[in-house]
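Asks: As a plain string of letters, each chain reads:
Protein chains: 2
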Amino acid sequence: MKEIQIGIVGAGTVGGGVIKILSQRIDKIKSDLGLPIRLARIVDKDSVRLSSLPVGGAVCSADAQDILRDDAIQIVIELIGGTTIAKELTLSALGRKKHVITANKALLAEHGPQIFETAAHNGVAVYFEAAVGGGMPIIKTIREGLVGNEIFSVTTIINGTCNYILSKMCAEGLAFANALKDAQKKGYAEADPAFDVGGVDTGHKVAILASLVSGGYVPFHSICIEGITSIGKEDILFARELGYTIKLLGIIKKNAPGSELDVRVHPAMLHDSHILASVSNAYNAVLIEGDAVGRILLYGKGAGEMPTASAVVSDIVDVARNILGSTPVRIPMQHYSASRSVPIKPADSVTSRYYLHFTVLDRPGVLASITGYLGQEGISLASVMQKEGFPERGVPIVILTHESTEKNLRAALANIEKMDYIKHRTQVLRIED
Amino acid sequence: MKEIQIGIVGAGTVGGGVIKILSQRIDKIKSDLGLPIRLARIVDKDSVRLSSLPVGGAVCSADAQDILRDDAIQIVIELIGGTTIAKELTLSALGRKKHVITANKALLAEHGPQIFETAAHNGVAVYFEAAVGGGMPIIKTIREGLVGNEIFSVTTIINGTCNYILSKMCAEGLAFANALKDAQKKGYAEADPAFDVGGVDTGHKVAILASLVSGGYVPFHSICIEGITSIGKEDILFARELGYTIKLLGIIKKNAPGSELDVRVHPAMLHDSHILASVSNAYNAVLIEGDAVGRILLYGKGAGEMPTASAVVSDIVDVARNILGSTPVRIPMQHYSASRSVPIKPADSVTSRYYLHFTVLDRPGVLASITGYLGQEGISLASVMQKEGFPERGVPIVILTHESTEKNLRAALANIEKMDYIKHRTQVLRIED
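One line per chain: the protein sequences are A and B, in this order. All the letters of the first sequence, read from the start, carry residue numbers 1 to 433 under our numbering. All the letters of the second sequence, read from the start, carry residue numbers 1 to 433 under our numbering.
Simulated from the structure, these hints should not be mistaken for laboratory data. Please note that the accuracy of each hint is not assured.
Treat identical chains as interchangeable: a pair holds within one or across any two.
Once the Cα atoms are required to be at most 30 Å apart in a straight line, the calculated DSSO-like pairs of lysine-lysine come out as [as the list claims (entries may be wrong)]: (1) Lys30 <-> Lys253; (2) Lys97 <-> Lys30; (3) Lys20 <-> Lys253; (4) Lys407 <-> Lys423; (5) Lys253 <-> Lys345; (6) Lys253 <-> Lys185.
Predicted model only: the values in this text are computed from it and were never measured.
Modelling step: build the complete structure from the supplied sequences, incorporating the hints.
Replies: This is the structure:
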């Protein structure tokens, strides 16, 4: 049987993990699964890094062209990240009829159509289990395990950095900045955390999942994204008092068939009894609702060297099996095309219950004014909590509303925020059921 | 492209669900996935049942031979259950080089080697996602998603009937018999619940999972199985007081490579902070620990018409893809052979912490006697709780021990149970971390 040769570009965290797993398991994959794979080439600019890895017989070099030009290599594993060199490399590899395995969520979320169209054109496949949810087989579950389902919704905690920070704020009463520092110290947050805490990373993953479940293409830039940087420690405390937990969620909801897809990324209040409320620290979870399967949940480490490498290796095995069969493209991706963009529900028309945290001057009539403006927009209240405050910082008023459209809520807030009794920007969080 | 024809034997609960899903989704499977499948034949003895299902153009009959003899049928879906007719049918179908999809855990757990050997001999595959965990893609996750991992352990709540009964006992303080009646009324327990409450159903599923993760064959009859019938409502209460929940667990633990596999099914105490402690009612969950992926959890409905049918449909799509490729047996099962039985750790040598619930006469020296016998076997105590009792029913003494072997514990209990102060059989539950 002809050997299936593999080339890895990028021997950083995830690449290193893949090399380690293969060094331990490649014999088992050959003998037990009957897949004659071989790690033939590894490319990384950092030769010191390469020298510390169990590269076995793989030829190591610093130039990705070495892999692209090697006609014997059928599978290219792109683990360099970013959307510039990685994009070029991926398109070149596909153009040379090599299968590509990638952990690059930004690349797929932002350039998915071009990549999947190039793959289809060349009769090869792009596998990307590692791009979403690390070691949780979420892509496989949606594309294969739940293929008999109409998927109604996906609700997910999919960024370990944010979840760690929010868990820390909740457990220890820390402010955002301090929790972030702790996360950086422990290696859960990058030196520049903007991508994570701003919600962009979650957005990339949600764009990919939304494209999978909608049967069309959900452009990353069409998704409303809010991060967690404005969450105050008071919000965490008030949420707890009310029996809620604040999590950064990625949300995908299909409404009636043919209607607009509701896709968004934002911090949300989850009741403590919600199954996602107990997903803490660096753990991730994906809750899927399908017409046949009901609700199922996957939970695990969504990032990190070895969990992500585990996902890459499962893709290697899948692609190798496809190559051995005559189904190089086992799972069609023709829907992931710019010509099949899915219409996204405008943020304005999304309905939700809301948590509103006003900081106001301590004087008579304020609560009447706020509730009056909310009432004007037809927003009714589920609960009101006024706390003792400090003259210099203002008094907090916390209101949970019943269901309202974003549009009506924003109209009421626009009026309220004009009032001189408002001391700080009002915190608005959606409540998810 | 040649049509791939499917025959279903058994149009009961799960079969009916599969027929319903296919009637809705077969066009999508054809167009989006490019799989030209057709439900060609359905066999069931009950023609009334058949007439109420959306069978479309399928030929319905009462004789399974109609499917076996039809050379055009490449996939047989066995949904009749049991280990007699189902076994014969499965072996005949495989002998005629038809792929088999089954939801029959008893069949695979008790006759797996013969079935997988027959399949291999004939160059066809047996798919069985629906046999374990209903709609949760647990088989796919272990065989494909986690293929890059050495799996250390699987801990699972995998019988909805038992979990519903225990949840009900816990939430409402019901005795076992009353919770069982409620489960029967709600359709969560069969009229004859012995298979479920006795742990046999869990044992079948655990045998299959153990065979998958061990890389050998774990005979069902080698597994120690205890059911939940002896759990008293006092045990549930005492557990709660101590911060624990009682669940029926299936446990698979790999120790050092090459050593015996620890496989068992029994009720166990889980600390309330354990991720499986919050899996309630008819929900199931599987917690897997792998060397690369760490801990991952799947959670969902492990039984019922539509969730189980969802799993069957995902198998149909997989097998159809395999047929279209030249990899009819995409995932080898050669380890599932009688010649590759995995040695199982004898129950005696398993170590655990224990919950012991003695019911004793209210007289001096009893606690000293009990703790003395435990001490003789080197069993040290983590906590002791003596409750006020009723003269006629005896006084409860609850002890949590530190780690001990089953052998030492049984030796101590044998001595204690001989004493005339013991009023009832002592309740023994393992505590799992």
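Asks: Could you run down the list of hints and mark each one as holding or not?
Replies: Evaluation of the provided hints:
1. Lys30 <-> Lys253: between (42 Å within a copy, 25 Å between copies)
2. Lys97 <-> Lys30: For Lys97 and Lys30, the Cα distance is within 30 Å both inside one copy (24 Å) and across copies (26 Å).
3. Lys20 <-> Lys253: This pair counts as between: shortest inter-copy Cα distance 24 Å, intra-copy 39 Å.
4. Lys407 <-> Lys423: Classified as within; 23 Å inside a copy, 69 Å across copies.
5. Lys253 <-> Lys345: So Lys253 and Lys345 pass the 30 Å test inside one copy only (10 Å; across, 48 Å).
6. Lys253 <-> Lys185: Answer is neither; intra-copy 36 Å and inter-copy 34 Å both fail.
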